[in-house]
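Throw the hints in and build the complete structure from the sequences for me.
If you're matching them up, the sequences are chains A and B in order. Quick note: the first sequence uses the numbering used here, first residue 1, plus one each step. Quick note: the second sequence uses the numbering used here, first residue 176, plus one each step.
These are computed hints drawn from the structure, not numbers from a lab. Here the structure is a predicted model, which means the values were calculated and not measured. Ideal Cβ placement from N, Cα and C applies to all residues, glycine included. Worth double-checking, as some hints may not be accurate.
Heads up, simulated DSSO-like pairs for lysine-lysine below, C-alpha to C-alpha not over 30 angstroms straight-line [claimed, not checked]:
| hint | chain 1 | residue 1 | chain 2 | residue 2 |
| --- | --- | --- | --- | --- |
| 1 | A | Lys76 | A | Lys112 |
| 2 | B | Lys674 | A | Lys3 |
| 3 | B | Lys567 | B | Lys674 |
| 4 | B | Lys354 | B | Lys674 |
| 5 | B | Lys674 | A | Lys76 |
| 6 | B | Lys567 | B | Lys209 |
Stretch by stretch, here's where chain A covers chain B in the computed footprint (C-beta under 8 angstroms, at least three residues) [to be verified]:
| hint | region |
| --- | --- |
| 7 | 292 to 301 |
| 8 | 329 to 343 |
| 9 | 362 to 375 |
| 10 | 381 to 395 |
| 11 | 453 to 461 |
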Amino acid sequence: MLKTLQQICRAGIVTESPPATDDTLRLGDGLQDRIRAILGRALCIRHVDAGSCNGCELEIHALNNPVYNIEGHGIKFVASPRHADLLLVTGPVSRSMEAALRRTYDAMPDPKLVVAIGDCGCTGGVFGESYASVGRVANVIPVNVAVPGCPPSPNRILAGILTAIAPPGVRSPHV
Amino acid sequence: MELQTWIDRSTPSTGASAVRRLSVDSDSWHACAKDVAASGGRLFALWAACSPRKEVHAVLICGAVVLHLSLELRETATRYPGLAGIFSAADRMQRAAADLCGIDARDADTRPWLRHAVWPANYFPLAGELPPGISSRPFIDDYPFVRVAGEGVHEIAVGPVHAGIIEPGHFRFSVVGEKVLRLEERLGYAHKGIEQRFSQLPLLEGHRLAARISGDSAAAYSWAYCQALEGMVRAPIPARAAYLRALALEVERVANHLGDLGALGNDAGFAFGHAQFSRLKETWLRSTESAFGQRYLMDFIVPGGTHSDPSAGALAGLTACAARIAERAAVYHDIYSEHAGVRDRFEGAGIVTPQLAAQLGLTGLAGRASGQAYDLRVDLPCEPYAQLAVRKMVSREGDVAARVAVRFDELMESLRLVELIVTQLPDDGHRAFVATPPDGCSGIGFTEGWRGPVLIALTAASNGRIQRCHPHDPSWQNWPVLEHAVIGNIVPDFPLINKSFNLSYSGHDL
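Structure follows, in structure tokens:
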């Protein structure tokens, strides 16, 4: 126990400031203001892997590490779409996940936001569209913010999430 | 027949050096596999091709020889003798071959595997693109799960969307109270047509898609792909490039092991482990980015060598980071080993005995935790592994604790290798020219990724394009074993047991 406490003290607080928001990531508009008015700074995210290579998942996981400390910003990942305000979607949408993605979106209460993560989520990426892939997330559900990258860094993902809940033109709601 | 007789009949193949090719008829196909199994050999991969010819391929590892069996079928033939009775792991590979190529094994489970109801049963993706007029559609099929009957037995259905940041898949548990009687997996949700996509790409660009078969194994796959490609044209690569590739593979192993060790602590309810290891992993990824220009090595290994050449300063930063991580990880290892709560969750959970592991073909890291002492870096080393004297890490306990212990040992070994590789790094350039392989030429490449052995089988078409590229992930062997590992455990231990294997969905579903 003593050793554990020593290590905790030794590591200290490593959390960094969040990135600024980025209006260039914004696709649609309209909902954000309403959501921010309702939610303030608490945001619940549901993640759906709609067929990704798992690269984006690694960087989404990193948001929970002490350096990005996403929960420290009032943002947390939840286990059910019914608890979620924002849907974070990775991957080209595989045809086998299309129905599950749509059902997850439908299960979320209104108003809701969608952030597509990664080159595949934005455009279909290297996988494109085929008998097995529907391509980009926006081909299946409405997308508010799309974050390119293969995979995008945790800071870019966080910037995308913060952009989704910030009014256009304002650099960052947190800094 | 003696195994040696089969090996004598085979001829050296292109690609990785130990591979020998043997074309067989239906009877020899089955007989040879049987003889390989009888002498302790293992099934590495099995796949089919249906254009331009109908073929079934199996790669078997027999000691220091990798035997590539090819069975060519007549144009009208749709069936071949399956190998599932010899190597149980072949079953799902055969079902996938049936879904993608329309070639059925005689001994197969007849349920579709990768094909959900989204594309028609009479359409075979590797025979060509979807004909116009027939469209794929989202549709949830009624998959016939095996039912467990009895008083008090009920089912728990989980997925494909899970309550966490996880890839998609479905698990059907049959339970009594909390105890799992049976788990049946339903995979294929992440199937995005990777093998068909390969055949639309030029040979010299396939490594980009290979790196994205399973993002956590980008270096392993892109190296295997380049090995296959370079073998086809017998293109030598600079020694420095080989060392840099090995460095990339070990860097990837370190990142994944750090992530898993943290996640396993988390699943055992020990938040300290998650916080500390995810912090170390972040430090490691930043150091990786300084050296390679990327946090994850999606575009580092390219035909002929590597995309970039890390500077001496960045490499010194990487080895300094490796030393710091080794020092911290040793302390955390002690904390994990001494923590009563963690030990209580890890020990005895999800046991796969060495006997069961051998019978089911458990491979890679999970295999080594169940006494299957195989590691391609040691058993069939390519350059530069023959010079590095990699130490193989093995345990015989086969529980979550053993898979954690093997990860700790391999983490330390990889950190040692990182330092060693940087010290020995030759200075003869990082990239050579690779010519486009000629039509019909084929090659095989393999590496020991962090999860286990990864294979790429590549065939060239005309105009420098890919005819067929089959990637094989160790998850094919290990997913069925997970079903056995959870029997008799309680449902709440499943996430921990599952994480201790940490198998790829994308690498399996393709």
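Against the structure, the hints come out as follows:
no., hint, in the structure
1, A:Lys76 with A:Lys112, "15 angstroms, holds"
2, B:Lys674 with A:Lys3, "26 angstroms, holds"
3, B:Lys567 with B:Lys674, "22 angstroms, holds"
4, B:Lys354 with B:Lys674, "19 angstroms, holds"
5, B:Lys674 with A:Lys76, "21 angstroms, holds"
6, B:Lys567 with B:Lys209, "28 angstroms, holds"
7, 292 to 301, "holds (count 4)"
8, 329 to 343, "holds (count 8)"
9, 362 to 375, "holds (count 9)"
10, 381 to 395, "holds (count 8)"
11, 453 to 461, "holds (count 5)"
Violated hints: none; the structure is consistent with every hint.
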